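**Student:** The primary structure of each chain is shown beneath.
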Amino acid sequence: MRPLTEEETKIFFEKLSKYIGENIKLLLDRPDGTYCFRLHKDRVFYVREEIMKLAGNIARKNLISMGTCFGKFTGSQKFKLHITALDFIAPYAKYKVWVKPSAEQQFVYGHHVMKSGLGRITENTPQYQGVIVYSMNDLPLGFGVAAKTTQECRRADPMAIVSFHQSDIGEYIRSEEKLV
Amino acid sequence: MKKEEQKAKQTAKVKDKGQNDLKMKNQNASKNQKGKSKNVQGVKRKKEEVEEEEEDNSDESEDESDMEEDDSDVSDSGEVTGYTDHNKDWLKPAKSGEADSDNDDSEDDIPDDFSDDELSDDDSDEDDENSDDDDEDLLPVEKKAKKLEKKQARDKKLAEKELMTNITQTEKYTLPSGQEVEQETNQPPDITLVQNRIKEVMGVLADFKEKRTEGRSRQEYIGQLRKDLCTYYSYNDFLMEKLMQIFPLEIHEFLEANEVQRPVTIRTNTLKTRRRDLAQALINRGVNLDPIGKWSKVGLVVYDSQVPLGATPEYLAGHYMLQGGSSFLPVMALAPQENERILDMASAPGGKTTYIAALMKNTGTIFANDANKDRAKAIVGNIHRMGITNTVISNYDGRIYPTIMKGFDRVLLDAPCSGTGVIAKDVEVKINKDEKDIQRCSHLQRELILAAIDSCDAKSSTGAYIVYSTCSILVEENEAVINYALKKRNVKLVPTGLDFGREGFVKFEKHRFHQNMKLTKRFYPHTHNLDGFFVAKLKKFSNKVPVDPDKQGTTENVTEQQETAVVNQSSEDKGQSSEEISQKSPETKTMKKKQTNVKKDKQGKSKWMSTKGNKKQFKPGQFKKFKNTSKGKK
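First to last, the sequence lines map onto chains A and B.
If you count by the working numbering, then the first sequence holds residues 774 to 953, one letter each, in order.
If you count by the working numbering, then the second sequence holds residues 212 to 845, one letter each, in order.
Simulated from the structure, these hints should not be mistaken for lab results.
As the structure is a prediction and not an experimental result, all values here were calculated from the model.
There are no misleading hints in this set.
Residues from chain A shown here face chain B by an in silico Cβ test under 10 Å; the list is partial:
id	residue
1	Val820
2	Leu827
3	His855
4	Leu952
Just so you know, even glycine gets a beta-carbon here, dropped at the ideal spot from N, CA and C.
Pulled out of the complex, with its shape left as it was, chain A reads as follows (with noise of 0.2 Å):
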């Protein structure tokens, strides 16, 4: 367990400010204590400071995971992030997708979102923007990459793809092996 590289710290806010923008601010600067990233086994835990002093305790190998895990690095230097972020990046989401009742199933079952299924889209929403999806009752189902435009996406064909498939809560069930 360690903080993270300046380098590291770049790639992962990059990557992070694709779906919360300058959000971030507000991860790290939070009234109800101090929060920080750590870097375990290649994956990054946010969590609380006291919390992490507490885990500082266990031993490397039978830390398993500590807070919330954001995802990992991959053996690239690329940073992947995990479902298990969303709780945290969909309250800050800057642009959102919402998907009808009848492809909420499809796209938790890790399919991309395709027009016929898309009931709502963030206004001025760019070509390959980060994008939270949501169900019609606003319940956080995965985060993808917007496919097309808002504007383009107003005279796609049924079975365009507007927003790639990216994670999904179905995860926890279908890979919970992979999870941390």
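With chain A held as given, fit chain B onto it using these hints.
**Tutor:** Just chain B now, with coordinates in the frame of chain A:
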């Protein structure tokens, strides 16, 4: 209009008396034409024809029996229009069709079944009729109806009497002889026979003095019962013996309850939603549910569901947790407060941990530990799904946890156990547990509970509580373990705060436990419709480990291990056997053990020191150096 009909029918009834079947039919036909609902009457006519055919078989010449039949016919037609006085108070003319058809059946039965009896009964009936004639107002139909009622009552009495005589006949139940038993062992068991015998033997045992066969002891009966229960419910002999000790009276109910699954229960995640909202959302998905009971504000019982409950979007979003009702109990007993430091020693798959976190509203710190790394992954999934942020998940053997960390405000130990309380969930338990398994569990539990107590801080301002729970109902894994802890550490039993459940055993067979053992709680499938469960709450009042018992403690640990090898010895005799067995070799062993403990401590400390040192080094610039070392280690 109705009155006219009534009159017409009355006259018809009078005429009917003594007339033969054919005429009656005609008259009925004419009645039917009068009747309002033709369909119903058509059906009735058919029935009447059947009746009459049967009547022909029994006795045609008997006027009385004809009248009997007649009677029912008339009352039938009366029902359709609903006018005889006697029938008024229970007939509703509007629903004549339904009531009629029901009644037909019952009235069909009576003459059919007792057609022979009627012949003999009729004479006395006439006498009754004569006596009834005093009140002249009664219509002939009413008299008939009264007669019928009386006859029914008499028949009922007779049937009861017959039943009673049946009982007295079989009152003396004799056990099968040795030869019969031998014969049975060679053949595949006859389940109905076994079932009957279970019933009989239990009947005998309930009133042993009266019902026993002379010369057969209670032991023989109990032995037979155990054997039969083993065959009928397919348990092994060892477990059945244990269960019969725990439930001398309600063994049957318990075993039956184990054949039925407990209802599916879910727990609302109060961090993300409220129970009412969750219930509404699930009802919209076609789930039929109800609150679990007065004792929990977060539990819901699911009766049936059109969707898989473990895969609804609500589940994936962490709004609820699939969790047995009994799993709520230890957490409720623990009663975690906000901003505390809590240890869950054997936490996988995280159901109780997430409940603790929800009660603490994500404040404080929870250490969730599990000895099994794969199962610990399930904790990770559940904790993240439920949006819990205050938890550290570790993978240690719980027994060494005090060497890692101490000073917890509360500790929950949901110990690994034989699972005898959850036989409904895992039927394997019925056959694959023997004395050795129980002893092994019991021993591990003793070690774990001491570790749990040691991790707890007696000086905690808010708590210093330890909750011990198992999903086993065996005394060896519950009361005996608590009793052991009471002897070994400065802890005392306190009320669990659960207002239902049975009290723990203070004395059981040969065991005599601490007086306060009644503060522990037991839950059974047949009484609470929860999984079999045991919950005990301890308060630690001093961090000091009692000196004298501590010395014994280390020797006992070793002797216990030896004892597990000696299968025949029961687990509670340690006090005596330890002194007998503990001679030269155990002492040397303990010395070694102590040494290793010291070593471990040193290692732990040095590790801790080094990590702390490392932490200080962690400045972004020096990162590469560290990374190299860590990779080298891998």
